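Colleague: Now for the letters of each chain:
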Amino acid sequence: MRIPRIAMLTASTLAVATIAACHKTPPAPAPTPAAAPAGPNADSARRAQEETARRAAEAEAARRRADSIAAAEAAASNAASEMARMRAALTQMVHFDFDQSELRPEDRGILDAKVPILQANPSVTISIAGHTDERGSDEYNLALGQRRAAAAKAYLVQHGVAESRIETRSYGEERPIAQGSDESAWSQNRRAEFSITSGGQTLRRP
Amino acid sequence: MMRSFRAVLPAVMALAAASTTLRAQDSIPKGVFLNGTYDPLRDKLAIVVLPVAGAFGDSIRTIVQRDLDFSDRFAVLPIDTTDASAFRNPGAAGGLNYPLFARLNAAAIVAVTRIPTGLHVVLHNVSQSQVVNVEDMRLPTTGLSRDWRLAVHNASDEIERWVTGTRGIAATRISYIRGQSIRIVDSDGADEITVPTEPDVVSPAWSPDGSSIVYNSFGGSPKILLMDLATGRSRTLLGQQRNVTYLTPVFTPDGKTIVYSRSGENGSDLFSISVAGGDTPHRLTSGQGTDNTSPTVSPDGRRIVFTSGRLGRPELYIMDADGTNVNVLTDFESSERNYRSDPDWSPDGRTVAYQERVNGDRFQIRTVRVTGSSPKYLTSEGQNEQPSWAPDARHLVFTSDRSGQRQLWILDVESNRVRQLTHSSGSRLAAWSPRLAVP
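Residue numbers (my numbering), protein chains in the order written: chain Y, 1 to 206; chain A, 1 to 439.
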């Protein structure tokens, strides 16, 4: 098969361009040190001094710039980890006993940790999804999941979070996070999950 | 006619005993008597289905034989079809060779021939050596299509009615859930289809005329939806309400009302709403924070059995259709560990099938009279759940993991024979249709 010359050229040009694009951009070469002033000319010596001073000032400015960027980055990193911590607290699950929708005493702390964050961020809304293990009736479990979500919501509302900011839903046994038919899987699946539905882009610290 | 067939039954006893149609016996728990009077020799009638000539003849014969077998009212006799000339007397207009079939211990013979409009079906009584029923039945032109198979099933049901006085249940379908989608399969396990719905749906239930299905979606956007099976289109009956999950919708027997459970932030209660729409939901239970789900309406429409957790554990309750006169139905063998749910009222109105956790372990299918008496175990092998009655009030479809995966199985409560309906794992939440008309 004959390939027209222009097409071949275009193809090879494209190939080169693609290979080039695949390579990482090489680092910029380090600045060459300023050459020492040379020559008998005083004018040229003065110019060299000025040049040295200018370069020093530039270097100082660059250092300051870099420092401030690093500081900003550190601050941002702290804020990001703080944000991640608050998000994790807001979305930490609670678990339930078999066929029960009462909150376990040891899980109340998980809900307590959400309250100040929700109060400091009044624009945040959340959704609570109730889940069950695979035992019990498939259909009755949808009701049980709804009851679990409602129990978690009721606790938050009792502690001052506006009812309108919390939506509840149920997945029953339809969304297990642990596979298997043993108590280990069952206990992980009997849960209420929390998700941020709006206002979670930035979170204020309580 | 039924009497004329019954008269020959002693003659088929030996043959029926030798047949293997009752091989799949479910085991019975110790100390439980299950319909102890069932006698397959007395209750089954030996029948022969002659070879069917013409297009799709083999398929027609296979389907009819299987339908009659699955009815659990017939022993379908295998015959040697290599020399079909032996079935008829010599001569152009020769009738059936009745003495030959009498020697085979057949009580009845089905002869089906293809005619341009469909099937010409003839039923012979062997002991009387005569034709007892003849009917031409329409068959859709597209062989092996869904409607065509339904029409053949319909012929089987008509044959069963001629012989026993009761229409069969071959021309029915079963809706169920697999992978959170609704599927529909013929009563013999063939022709499964997936019904197009939004994702995450459960609990399909049939309208009394078989034309539509009510079901609910959960999770993202909980709703109760109605699907018109002819168009495949669903419309939302209830939904778009925050903090609510809708559960277990069913039709009332007049087809005009949906009874369902609304699960909110103060438990789950039963409500009813008109299928036509336009009215507000009418509350039927006052569970005061407990869960009240899974309504099943009596065939006369006057009472409802449902699951309620009002005693702290799921039990079955019975009440009038307007929500008054609530009583616990399953008040026998009372224990804190009881878990009884998923009731289905039998089409003959007499019993309720449900699931019960046995010894705090696995669920088994039980039945109880609507008076609350005579509770019986129907299963013991594996875990068995979610029973739904066939229109004959004799067969149940249910979910069982006895094969290692959740599948649908069918149980004949008279003979205790079981057969597997589905072969794709994760099948559950079956609902048996009413008898379906051929389109």
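Warning: the hint list may mix true and false statements.
Said to hold, decoys possible - Partial list, computed: chain Y residues near chain A (C-beta under 7 Å): (1) S137; (2) L142; (3) A143.
These aren't lab readings, by the way, just hints derived from the structure by calculation.
All figures in this text were calculated on a predicted structure; none of them were measured in a lab.
Ideal placement from N, C-alpha and C gives every residue a C-beta, glycine not left out.
Colleague: If a hint holds in the structure, say so; if it doesn't, say that too.
Modeller: Here is how each hint holds up against the structure:
1. Checking S137(Y) against chain A: minimum C-beta separation of about 4 Å stays under 7 Å; hint holds.
2. For the restraint placing L142(Y) at the interface with chain A, the shortest Cβ-Cβ distance is roughly 5 Å, inside the 7 Å limit, so the hint holds.
3. Taking 7 Å as the C-beta contact cut-off toward chain A, the hint placing A143(Y) at the interface holds, the least distance being around 4 Å.
Comparing the model with each earlier hint shows no violations; every hint is respected.
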